[in-house]
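Asks: Numbers 1 to 221, taken from the UniProt record's numbering, label the letters of the sequence shown in order.
Any given hint might turn out to be false.
[What the hints assert, rightly or not] Here are the simulated DSSO-like cross-link-like pairs (lysine-lysine), alpha carbons at most 30 Å apart as the crow flies:
#	residue 1	residue 2
1	K157	K203
2	K157	K132
3	K93	K117
4	K93	K157
5	K63	K16
6	K63	K203
7	K203	K82
8	K13	K93
9	K134	K82
[Said to hold, decoys possible] Now the in silico label distances, taken between C-beta atoms and shown as ranges:
#	residue 1	residue 2	range
10	L180	K117	17 to 25 Å
11	K132	Q3	40 to 48 Å
12	L5	G92	34 to 42 Å
13	E194	K117	36 to 44 Å
14	L180	Q118	33 to 41 Å
15	K16	A197	45 to 53 Å
16	V24	L199	38 to 46 Å
17	E115	T193	36 to 44 Å
18	R136	K91	16 to 24 Å
19	N108	S47	17 to 25 Å
20	Q118	V24	40 to 48 Å
Hints were generated in silico from the structure; no laboratory data involved.
Being a predicted model, the structure only gives us computed values, none of them experimental.
Glycine residues also receive a C-beta, built at the ideal position from the N, C-alpha and C atoms.
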Amino acid sequence: MIQKLFSYLYPIKIFKKKSARSKVIEVTWANGELVLDSENTNYSYGSLQRILRYGLRNIGYDKVLQMEHILVLGVAGGSVIKTLVDEINYKGKITGVEIDPEMIQIANQYFNLNEIKQLEIIIDDAFEFVLKTKDRYDLIIIDIFEDTNMPNFLFEKFFSERVCFLLKDQGFILFNTMILDEAHNVRNRKYITEINAQLFTSKMLPRIEVHNELIIIEKVA
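My request is simple: use the sequences and hints to build the entire structure.
Replies: Printed below as a string of structure tokens:
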């Protein structure tokens, strides 16, 4: 494809749409791959895929392969789901929760997300879904942004305790956060201190991208 070849020289935008939830959604050829962006940040593929791949590698691909059910809060274009299925060869069930139906339409059209048989997509607010679900998960990936903003509920103790409650024993949470100023650093450190140290271990990974910090929580009890 000629656009793919030229994208090594300069980005080529092939789709742009205004979205009620994400303001502007763009699909672009960049360095030979399709990426999904909002107005000010990468939503799927590109740098975001590298970040979440790094988090999964830190958990251990061998552990991921043993898991039965993975929950993804914030699907966007589905890059972490593609990493799980195409790169790690994960065969278990994946439930993806995405609030923006337009995002899923784009993910299906440009990234073939609807071809992944083990994936169930639920259009819902992540907070509401976490309150309602009766399932337990081996891994919960939290990757929720509205452009460069992260909803406040993600860092509230009630939500973090509920997400931790949904983990099976020896389960993991992989939480992708955005750091734009010192207040965000303080927020992340506070979040870590509120995790129950008797039941969970938590750590922040060294950053591989300037503005993203991954938090990993493991249920040890």
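Asks: Each hint needs a verdict: does it hold in this structure or not?
Replies: Outcome of the hint check:
1. Taking the CA atoms of K157 and K203, the gap is about 17 Å. The hint holds against a cut of 30 Å.
2. Distance check on the hinted pair: K157 and K132 sit about 17 Å apart at the alpha-carbon level, within 30 Å; holds.
3. Distance check on the hinted pair: K93 and K117 sit about 9 Å apart at the alpha-carbon level, within 30 Å; holds.
4. Restraint check: the Cα-Cα separation between K93 and K157 comes to about 28 Å, which is no more than 30 Å; the hinted pair holds.
5. With a CA separation close to 38 Å, the supplied pair K63 and K16 exceeds the 30 Å bound.
6. With a C-alpha separation of about 18 Å, the suggested pairing of K63 with K203 holds against the 30 Å cut-off.
7. Taking the CA atoms of K203 and K82, the gap is about 25 Å. The hint holds against a cut of 30 Å.
8. In summary, the hint linking K13 to K93 is not supported, as the alpha carbons are separated by about 33 Å, beyond the 30 Å threshold.
9. Distance restraint check for K134 and K82: the Cα-Cα separation of roughly 25 Å lies within the 30 Å cut-off, and the hinted pair is therefore satisfied.
10. Checked against the given bound of 17 to 25 Å, the beta carbons of L180 and K117, roughly 38 Å apart, lie outside it.
11. For K132 paired with Q3, a C-beta distance near 42 Å keeps the hint of 40 to 48 Å intact.
12. With their beta carbons about 37 Å apart, L5 and G92 fall inside the hinted range of 34 to 42 Å.
13. A C-beta distance of roughly 38 Å is found between E194 and K117, which places it inside the suggested range of 36 to 44 Å.
14. Take L180 and Q118: their Cβ atoms lie about 35 Å apart, and the range 33 to 41 Å holds.
15. The supplied range of 45 to 53 Å is met by K16 and A197, whose beta-carbon atoms lie about 46 Å from each other.
16. Checked against the hint of 38 to 46 Å, the pair V24 and L199 passes, with Cβ atoms roughly 41 Å apart.
17. The hinted range of 36 to 44 Å is satisfied by E115 and T193, whose Cβ atoms lie roughly 42 Å apart.
18. At roughly 19 Å, the beta carbons of R136 and K91 sit within the given window of 16 to 24 Å.
19. Between N108 and S47 the C-beta distance comes to about 23 Å, which sits within the given range of 17 to 25 Å.
20. For Q118 and V24, the hinted distance range of 40 to 48 Å is not satisfied, since their beta carbons lie about 31 Å from each other.
Hints 5, 8, 10, 20 from the earlier list are contradicted by this structure; the remaining hints agree with it.
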